[in-house]
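> The chain contents come next:
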Amino acid sequence: MYLNEWMKNFLFKLVFVVSAFFFLSPDILHAEWGLNMTQGVTPISQDVYNMHMTTLYVVTVIGILVFGVMFWSIFHHRKSKGVKPSKFSHSTSVEVIWTLIPFIIIVSLAIPATKLLARMDDTSESSITVKATGYQWKWKYDYINEDVTIYSNMAEDSVEASQRNSGIDPKATDNYLRNTDTALVLPVGKKIRILTTANDVIHAWWVPDLGWKRDAIPGFINDNWTIINKEGVYRGQCAELCGKGHGYMPIVVKAVPEKEYTAWIEGTKLALKSKNASSDKDFTMDELRAKGEGVYKANCLACHQANGQGIKGVFPAIDGSPLANLKENIPAHIHQVIYGKGVMPAFGEQLSDTDIASVVTFVRNNWGNKTGHIIQPKDVVAARKK
Amino acid sequence: MVSKDIYFIPEPSKWPIVASLALFTTFIGGAMLLNQSSNGKYVLILGAMGIIYMFAGWFSSVISESLSGSYNRQVDVSFRMGMGWFIFSEVMFFAAFFGALFYARVLSVPWLSGEGHGVATHQFLWPAFKAAWPMSVMPNPASFTAYKDTIPATGIPAINTLLLLTSGVTITFAHWALKKVQRNHLCAWLAATVLLGALFVYLQAGEYHHAYSELNLKLSSGIYGSTFFLLTGFHGFHVTMGAVMILAILFRSLKGHFTKNDHFAFEAVAWYWHFVDVVWLGLFIFVYWL
Amino acid sequence: MSSQTIADHDHHDHKPVGIKRWLFSTNHKDIGTMYLVFALIMFFIGGSMAMVIRAELFQPGLQFVDPQFYNSMVTVHALVMIFGAVMPAGVGLANWMIPIMIGAPDMALPRMNNMSFWILPFAFALLLGTLFIDGGGPAGGWTMYPPLVLQTGKAFPYLIFAVHFLGVSSIMGAINIIATVFNMRAPGMTLMRLPLFVWTWVITAFLLIASMPVLAGAVTMLLTDKYFGTSFFNAAGGGDPVLFQHIFWFFGHPEVYILILPAFGIISQIIPTFARKPLFGYASMVYATASIAILSFFVWAHHMFTVGLPITGELFFMYATMLIAVPTGVKVFNWVATMWKGAMTFEAPMLFAIAFVILFTIGGFSGLMLGITPVDFQYHDTYFVVAHFHYVLLTGAVFALMASAYYWLPKWTGYMYDEKLAKIHFWLSAIASNVLFFPQHFLGLAGMPRRIPDYSVQFADFNMISSLGGFAYGISQLLFVYIVIKCVLGGKKATSQVWEGARGLEWTLSSPPPFHSFTKPPKVTKALMDY
Ligand code: HEA
Ligand code: HEA
Ligand code: CUA
Ligand SMILES: [Cu+2]
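Residue numbers (my numbering), protein chains in the order written: chain A, 1 to 386; chain B, 1001 to 1290; chain C, 2001 to 2531.
Be careful, since some hints might not be right.
[To be verified] The list that follows gives simulated cross-link-like pairs (lysine-lysine, DSSO-like), each with its CA atoms no further than 30 angstroms apart:
hint: 1; chain 1: A; residue 1: K87; chain 2: C; residue 2: K2486
hint: 2; chain 1: C; residue 1: K2154; chain 2: A; residue 2: K79
hint: 3; chain 1: C; residue 1: K2226; chain 2: A; residue 2: K341
hint: 4; chain 1: B; residue 1: K1014; chain 2: A; residue 2: K341
hint: 5; chain 1: C; residue 1: K2423; chain 2: A; residue 2: K84
hint: 6; chain 1: A; residue 1: K79; chain 2: C; residue 2: K2492
hint: 7; chain 1: A; residue 1: K84; chain 2: C; residue 2: K2154
hint: 8; chain 1: A; residue 1: K171; chain 2: A; residue 2: K291
hint: 9; chain 1: A; residue 1: K273; chain 2: A; residue 2: K140
hint: 10; chain 1: A; residue 1: K341; chain 2: C; residue 2: K2154
hint: 11; chain 1: C; residue 1: K2154; chain 2: A; residue 2: K312
hint: 12; chain 1: A; residue 1: K385; chain 2: A; residue 2: K370
hint: 13; chain 1: C; residue 1: K2523; chain 2: A; residue 2: K297
hint: 14; chain 1: C; residue 1: K2523; chain 2: A; residue 2: K87
hint: 15; chain 1: A; residue 1: K87; chain 2: C; residue 2: K2341
hint: 16; chain 1: A; residue 1: K81; chain 2: C; residue 2: K2020
hint: 17; chain 1: A; residue 1: K312; chain 2: B; residue 2: K1130
hint: 18; chain 1: A; residue 1: K385; chain 2: A; residue 2: K327
hint: 19; chain 1: A; residue 1: K84; chain 2: C; residue 2: K2526
hint: 20; chain 1: A; residue 1: K81; chain 2: C; residue 2: K2492
hint: 21; chain 1: C; residue 1: K2226; chain 2: A; residue 2: K79
hint: 22; chain 1: A; residue 1: K81; chain 2: C; residue 2: K2420
hint: 23; chain 1: A; residue 1: K259; chain 2: A; residue 2: K297
hint: 24; chain 1: A; residue 1: K269; chain 2: A; residue 2: K171
hint: 25; chain 1: A; residue 1: K81; chain 2: C; residue 2: K2493
hint: 26; chain 1: C; residue 1: K2226; chain 2: C; residue 2: K2154
hint: 27; chain 1: A; residue 1: K291; chain 2: A; residue 2: K273
hint: 28; chain 1: A; residue 1: K79; chain 2: C; residue 2: K2493
hint: 29; chain 1: A; residue 1: K140; chain 2: C; residue 2: K2226
hint: 30; chain 1: A; residue 1: K312; chain 2: C; residue 2: K2226
hint: 31; chain 1: A; residue 1: K230; chain 2: A; residue 2: K291
hint: 32; chain 1: A; residue 1: K291; chain 2: A; residue 2: K254
hint: 33; chain 1: A; residue 1: K81; chain 2: C; residue 2: K2226
hint: 34; chain 1: B; residue 1: K1041; chain 2: A; residue 2: K131
Bear in mind the hints are in silico, worked out from the structure with no lab data behind them.
Just chain A, with the same shape it has in the complex:
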């Protein structure tokens, strides 16, 4: 249905692209069409943009010259015009010249590039350090020195709309695939050090407006920095193939004034405390299932699928699986969610006892799994103690 709507714009945009191709003017390129690299919101991103434009201009000019000469000769030196071919076959001076000129051009591009790179490399004197860890498929952020850890999953409406043939219009979804449940909140105007690493496979942390991306490599840490000059919400996503959820690992950075940032840190500390505080309260089946469904969508669905069938040969089905059905397997089931197994990640750190209790209950009482088993937070507490 939105197809039609696009078709209306389509011809116009095609013409636009073609003309942009021929007139490569930076103004057109930079319009809100998303044709060109963003100038971003940091000093570095601005420099990167300038370096990009310089190179683009240089190669465009070279291209116009080379192709110009070529077309000139295509038009004038054609047999149908009755020309006789020349016989010349080399000229040392010309060949030396067109070896030297590109060399000089390259050197003059390499010099500013070297300077820019040196500036990007300098992470000293930063005031805040955040460690970003890539998981299949979410990000974890540790505010070093603040004792704040948050997990950032793709927002639930994007998860739903992105299921195959979900019937939900991506256009009607808020920032489809580029929205998270929790944003990384950072203060503006401060030098922030961002460490990247990963838990399972290689990911890459990328927010275009900051002007760089960096791989997150399991077992190693990469050091980066940024100074965000403008308040706002900046979106990016994982930029290194990390398995089937690679397209579903958005990053949202919220840049706020420093005051707001401090307040947010304090608030988050409190919230985390109450969230992680294990409740000795007992929940009803309906409460657990309702909560569990949300946890499932955010954490399990990517592998085990909405229908609990998994993907044959890669991720096992939990619908009908003995681990999720037999009563004697309840402890093993809880254990596997807390500690992971093989490719399945450990969720013990990122999910609270209540979350784990509810997702296990949900899994055991959904699809064909009709066990009636109820798992309470205290069961999870017991499992963690072992």
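Given the coordinates of chain A, work out where chains B and C with the ligands should sit on it, guided by the hints.
The following block gives chains B and C with the ligands in isolation, referenced to the frame of chain A:
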């Protein structure tokens, strides 16, 4: 049948496609085995038999062509180039593993322990890890086999070095004997070379046994064990192949093959043997000694 | 091959017949033909996978395939195109043309030649077969980075062994080409008289022998990491996932020149023919090709700028990468100078060659931009890279292969192809491929990562345009197959010379050439090779 000034173009031959099929079967068997399929070993054996059959058949047709004088000087040069560049490709194969060894020693292990580029890595991920080579304590000791000790260069490896160097000399003596048409000497020196090669493999196998059963040094002993076993393992495999090839040459010599001026197969095997020798020197220096 | 005149030519050949002619072949032309047909089939298989990719990316939202299958389409598409289509097509051309161009009776090692070919179908049976087993095909990208690739299921060992197998084939093919060129030249065919196609292939063969074994080593380490507890690529045991990337790209960058150097050679044959003028700067062409090949071993880490190399490393690889533009520029300028003051005509091979020069250069320009490290931090792993390499691979390597097919088809079959249809094929391909890949530059700059099955809505318009271009390009290739089949079946008879401006030994033989090309070595004189 063929005149010497015409470059020998073989008749259509079934061996190339038999070779591809045999390798294909072997690979499937290997893959099945790795995927824990119990029938894998039968397929693997079938493929290996196919490979042996192919080699026997292909080489026997080459040998009979050679004996019947089909190959002129130019064909000989093609064979030489073929063998030379094949050995070069083998050198590059080993280079990948040597590269891994140098990378680990010079870069990744020091980084993990916080040197240079690795400050943050060490600080946040492996605060307890200290670089050392040989590295008996891994960054994450839990998931790898710690070993008691490594194999010192001065023991068996030094003896093995002598053995291989000597075998390089003996095969050269064999070559001289061939050129002087002293067939008895030729066979004797070849036999000596095979024996030295076999002794090398025997001692090496003993070292592996020692490493596994007493030193607890295994493939899974972190990057040290990985590079150690893959480098020496692939080398040992090449020595074995080389020894088999020399054995084949020995049998042909006994049968009276090869003449003073026409013995490409002999030389090819000798080149290969020297290559194996040189790789060992690299191993001895960089794996055992330094 | 049914006409009587040809039968006369073949009178003295004892040509084998039936299926054995192909299975057991020791004839460079037959083996060349098999390579070319195989490459075309693989181009269609790889292309069909590309069509799946483009169909899924036509609109935002997930319509046709699951993400896991999408990833495996991307992975296998690339492996098939590179190892199944472009490389075998290049080797097929080498097989057909090198012996003829240097005045040799055949390739130096004919049986090994046949083995290098017959490995290919089996290797791809291993690889493509995995698409039908539990867990599906490999889905970790053609670059096979660990740890992700170690998560592959049952397909894993098949992937590794297929790569080993392909490596064996390439190495044997390369050895054969080197032995042929250095040992089988006719008297008078000095090195500096070699046609450039032969030169570029020799240099390519060196690249192959030096780089394929390294790839074999890399995937062997993957295998032992997965099944035998080694820790080459695992920090917990002292290894490093990035180590794999170093080894892979030590192979991978020379590999992309393995794909393009023969294309350079083809273009250097075609442009002089249709400009009716000698190639400008023959010697500098040879030296430039050699410099590109040597430099290609010192630039690998430009694929890894974002892994966090020490800055000295990044600078070194940036400078080396940018340097490659110099010898490549020499080649481009020489082609243009060859056209300058020629007397050009524009048959299909020339059209493809001209398009190659322009579009490859555009791809080279984006390559240069990618080589600038601080900016590559933005470009890396986006569609800007996808646009770059399809310009050099599709409108570069594949266009050159199309040009060569039209150029030599009359020689191979003895008939002229349908020039009118070929021109239509050219224009459709040239326009469609630009509609397909030019907008991907914009997508990349605007922030769309590669290897994703679904994207946020701001990327929708250009993806739709790109997909439409893709479908148009794909359908146009059916026309190519039609033209080839039509040409094989008959048509206007081709002369030995075929093209007015053609020079070189291959045009002294009948079209098609006799089964054994030069049983008596021809005498090569300066005049024969020159204008
Ligand atoms: C045929 C294949 C081919 C060729 C020929 C090239 C040619 C070049 N490539 Fe490309 N490249 C690929 C195939 C190829 N590439 C592939 C497949 C990938 C992606 C792999 C993957 O990740 O999956 C890739 C990725 C890739 C990257 C990594 C990008 C990233 O992932 O972030 C880089 C970075 O430096 C790069 C650079 C270059 C350069 C500098 C050249 C140069 O050789 C280009 C030189 C040519 C010119 C510059 C034009 C002509 C010159 C002139 C007219 C002279 C004057 C010009 C100047 C002075 C500017 N390439
Ligand atoms: C020589 C190499 C080569 C060639 C020729 C091509 C050709 C094509 N490629 Fe490919 N491609 C790569 C090498 C190549 N590619 C590599 C190395 C990657 C990176 C993989 C990775 O990330 O790991 C890649 C990745 C890649 C992507 C990125 C996927 C992603 O990152 O998510 C895309 C997306 O558009 C794409 C598209 C295409 C298209 C449309 C063609 C077309 O040109 C294909 C045209 C051919 C045909 C279509 C076949 C012929 C016609 C028919 C079969 C008739 C039927 C037609 C219809 C039904 C319309 N390729
Ligand atoms: Cu995480 Cu891609
Ligand atoms: Cu490269």
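> Decide, hint by hint, whether the structure agrees.
How the hints compare with the structure:
1. Between K87/A and K2486/C, the direct Cα distance comes to roughly 37 angstroms. Violation of the 30 angstroms bound is thereby established for this hinted pair.
2. For the proposed pair K2154/C and K79/A, the alpha carbon gap of about 60 angstroms is over 30 angstroms, so the pair is violated.
3. In summary, the hint linking K2226/C to K341/A is supported, as the alpha carbons are separated by about 16 angstroms, within the 30 angstroms threshold.
4. Pair hint K1014/B plus K341/A does not hold up; C-alpha atoms about 50 angstroms apart against a cutoff of 30 angstroms.
5. Of the pairs offered as hints, the one joining K2423/C and K84/A holds, with about 25 angstroms between alpha carbons and a cut-off of 30 angstroms not exceeded.
6. Taking the CA atoms of K79/A and K2492/C, the gap is about 23 angstroms. The hint holds against a cut of 30 angstroms.
7. Note on K84/A and K2154/C: the hinted pairing is violated, with a Cα-Cα distance of about 64 angstroms set against a maximum of 30 angstroms.
8. For the hint linking K171/A to K291/A, the alpha-carbon distance of about 27 angstroms falls within 30 angstroms, and the restraint holds.
9. For the proposed pair K273/A and K140/A, the alpha carbon gap of about 17 angstroms is at most 30 angstroms, so the pair holds.
10. Restraint check: the Cα-Cα separation between K341/A and K2154/C comes to about 18 angstroms, which is no more than 30 angstroms; the hinted pair holds.
11. With a C-alpha separation of about 11 angstroms, the suggested pairing of K2154/C with K312/A holds against the 30 angstroms cut-off.
12. Taking the CA atoms of K385/A and K370/A, the gap is about 28 angstroms. The hint holds against a cut of 30 angstroms.
13. Using a Cα cut-off of 30 angstroms, the hinted pair K2523/C and K297/A is violated, with the two alpha carbons roughly 76 angstroms apart.
14. The suggested pairing of K2523/C with K87/A holds, with an alpha-carbon distance near 24 angstroms, which does not exceed 30 angstroms.
15. Taking the CA atoms of K87/A and K2341/C, the gap is near 9 angstroms; set against the 30 angstroms cutoff, the hint holds.
16. A threshold of 30 angstroms between alpha carbons decides the hint, and for K81/A with K2020/C the separation of about 52 angstroms lies outside it, so the pair is violated.
17. Among the hinted pairs, K312/A with K1130/B is inconsistent with the structure: their alpha-carbon atoms are about 43 angstroms apart, more than 30 angstroms.
18. The suggested pairing of K385/A with K327/A holds, with an alpha-carbon distance near 20 angstroms, which does not exceed 30 angstroms.
19. Pair hint K84/A plus K2526/C holds up; C-alpha atoms about 22 angstroms apart against a cutoff of 30 angstroms.
20. For the suggested pair K81/A and K2492/C, the alpha carbons sit about 27 angstroms apart, so the restraint of at most 30 angstroms is met.
21. Taken as a hint, the K2226/C and K79/A pair is broken in the structure, with Cα atoms around 63 angstroms apart against an allowance of 30 angstroms.
22. Distance hint between K81/A and K2420/C is fulfilled; the C-alpha atoms sit about 21 angstroms from each other, no more than 30 angstroms.
23. A distance of roughly 34 angstroms separates the Cα atoms of K259/A and K297/A; the hinted pair therefore is violated under the 30 angstroms criterion.
24. With a CA separation close to 35 angstroms, the supplied pair K269/A and K171/A exceeds the 30 angstroms bound.
25. Between K81/A and K2493/C the CA atoms are separated by roughly 28 angstroms; this keeps the pair inside 30 angstroms, and the hint holds.
26. For the hint linking K2226/C to K2154/C, the alpha-carbon distance of about 12 angstroms falls within 30 angstroms, and the restraint holds.
27. As the CA atoms of K291/A and K273/A are separated by approximately 19 angstroms, the hinted pair is consistent with the 30 angstroms bound.
28. For a cut-off of 30 angstroms, the pair hint linking K79/A to K2493/C stands: about 24 angstroms separates their Cα positions.
29. Proximity of K140/A to K2226/C is assessed by CA-CA distance (about 27 angstroms); at most 30 angstroms being required, the pair is judged to hold.
30. Note on K312/A and K2226/C: the hinted pairing holds, with a Cα-Cα distance of about 20 angstroms set against a maximum of 30 angstroms.
31. Simply put, K230/A and K291/A have alpha-carbon atoms about 37 angstroms apart, too far for the 30 angstroms limit, and the pair is violated.
32. Distance hint between K291/A and K254/A is fulfilled; the C-alpha atoms sit about 27 angstroms from each other, no more than 30 angstroms.
33. For the suggested pair K81/A and K2226/C, the alpha carbons sit about 66 angstroms apart, so the restraint of at most 30 angstroms is broken.
34. Under the criterion of a C-alpha separation no larger than 30 angstroms, the hint pairing K1041/B with K131/A is inconsistent with the structure, at around 48 angstroms.
Comparing the model with each earlier hint shows violations of hints 1, 2, 4, 7, 13, 16, 17, 21, 23, 24, 31, 33, 34; every other hint is respected.
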